[in-house]
Amino acid sequence: GAVVSQHPSRVICKSGTSVKIECRSLDFQATTMFWYRQFPKQSLMLMATSNEGSKATYEQGVEKDKFLINHASLTLSTLTVTSAHPEDSSFYICSARDFGKGGTGELFFGEGSRLTVL
Amino acid sequence: AQSVTQLGSHVSVSEGALVLLRCNYSSSVPPYLFWYVQYPNQGLQLLLKYTSAATLVKGINGFEAEFKKSETSFHLTKPSAHMSDAAEYFCATSWSNYQLIWGAGTKLIIKP
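Residue numbers (my numbering), protein chains in the order written: chain A, 1 to 118; chain B, 1 to 112.
Rather than coming from a laboratory, the hints here were simulated on the basis of the structure.
There may be inaccurate statements among the hints.
[To be verified] Pair by pair, the computed Cβ-Cβ distance ranges are: (1) A:G53 x B:L18: 42 to 52 Å; (2) B:E15 x A:Q42: 21 to 31 Å; (3) B:K68 x A:S83: 44 to 54 Å; (4) B:Q45 x A:Q29: 17 to 27 Å; (5) B:L56 x A:T82: 45 to 55 Å; (6) B:E15 x A:P40: 40 to 50 Å; (7) B:Q42 x A:A72: 19 to 29 Å; (8) A:I12 x B:L56: 43 to 53 Å; (9) B:P112 x A:Q29: 42 to 52 Å.
[Claimed, not checked] Some chain B residues near chain A, calculated using beta-carbon distances under 7 Å: (10) Y25; (11) S26; (12) A104; (13) G105.
C-beta atoms are modelled at their ideal positions from N, C-alpha and C, and glycine is treated no differently.
Model the full structure from these sequences, guided by the hints.
Structure (structure tokens):
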């Protein structure tokens, strides 16, 4: 099946620095990708919808200047956590739908990226 | 607004015993329904999905779920638990197969 890959899987950074997380669709093109945040013992929270070639659509309460999303190509979306603080420590997951030829529109998830801000 | 309720944040069963994870949805029309599994420090993997073709849906790893409109439920079951089933399970719903609404998750613990 289609594969979505995230990198890095784990990152530790100092408070005040910025961290970039990449989400790639490996064998299909994704015009739309989704970024989620998962807090311990909680479900996924949709942060934003990343649209190829245009601005991301952010969910209510998510700071767009804090969480910068870029979807420059059909196979890559990036999430940059700017000026990270300890409260930004979380598990970030991306997903994408395969609507290509032979695709079923199924939602595929990346492996997730665990961010720890010291 | 649509919502998904998963009863029990933790469910513990013995190896070989029946697994039952509960999911109820609130919706005025039958939605798309999904069960995902998340192993530690990994992303989510689709177990199965209901798209109105059949009320009993069979998924991977021996799991299945039954859509019951009268009960607005989509409970996940497996006849015999295996140690490798230990993970967190999420129920999700969607009107349009586009944006998903997630339950809070149920952690399945398998006792030897």
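Consistency of the hints with the structure:
Distance hint check: the CB atoms of G53 of chain A and L18 of chain B are about 49 Å apart, consistent with the given range 42 to 52 Å. Restraint check, E15 of chain B to Q42 of chain A: a C-beta distance of roughly 28 Å satisfies the suggested window 21 to 31 Å. For the pair K68 of chain B and S83 of chain A, the beta carbons lie near 48 Å from each other, so the given range of 44 to 54 Å is met. Distance hint check for Q45 of chain B and Q29 of chain A: the Cβ-Cβ separation is about 21 Å, which falls inside the suggested range of 17 to 27 Å.
Taking 45 to 55 Å as the suggested C-beta distance range, the pair L56 of chain B and T82 of chain A conforms, at roughly 47 Å. Distance hint check for E15 of chain B and P40 of chain A: the Cβ-Cβ separation is about 26 Å, which falls outside the suggested range of 40 to 50 Å. Taking the beta carbon of each, Q42 of chain B and A72 of chain A are about 27 Å apart, inside 19 to 29 Å as hinted. Between I12 of chain A and L56 of chain B the beta carbon distance is about 45 Å. The supplied range of 43 to 53 Å therefore holds.
Checked against the hint of 42 to 52 Å, the pair P112 of chain B and Q29 of chain A passes, with Cβ atoms roughly 45 Å apart. With a least beta-carbon distance of about 14 Å to chain A, the hint placing Y25 of chain B at the interface is violated under the 7 Å criterion. Nearest Cβ of chain A to the Cβ of S26 of chain B: about 15 Å, over the 7 Å cut. The hint is violated. Using the Cβ-Cβ criterion of 7 Å, the hint placing A104 of chain B at the interface with chain A is satisfied: the shortest such distance is roughly 5 Å.
Given the 7 Å rule on beta carbons, the hint for G105 of chain B holds: about 5 Å separates it from the nearest Cβ of chain A.
Violated hints for the displayed structure, listed by number in ascending order: 6, 10, 11.
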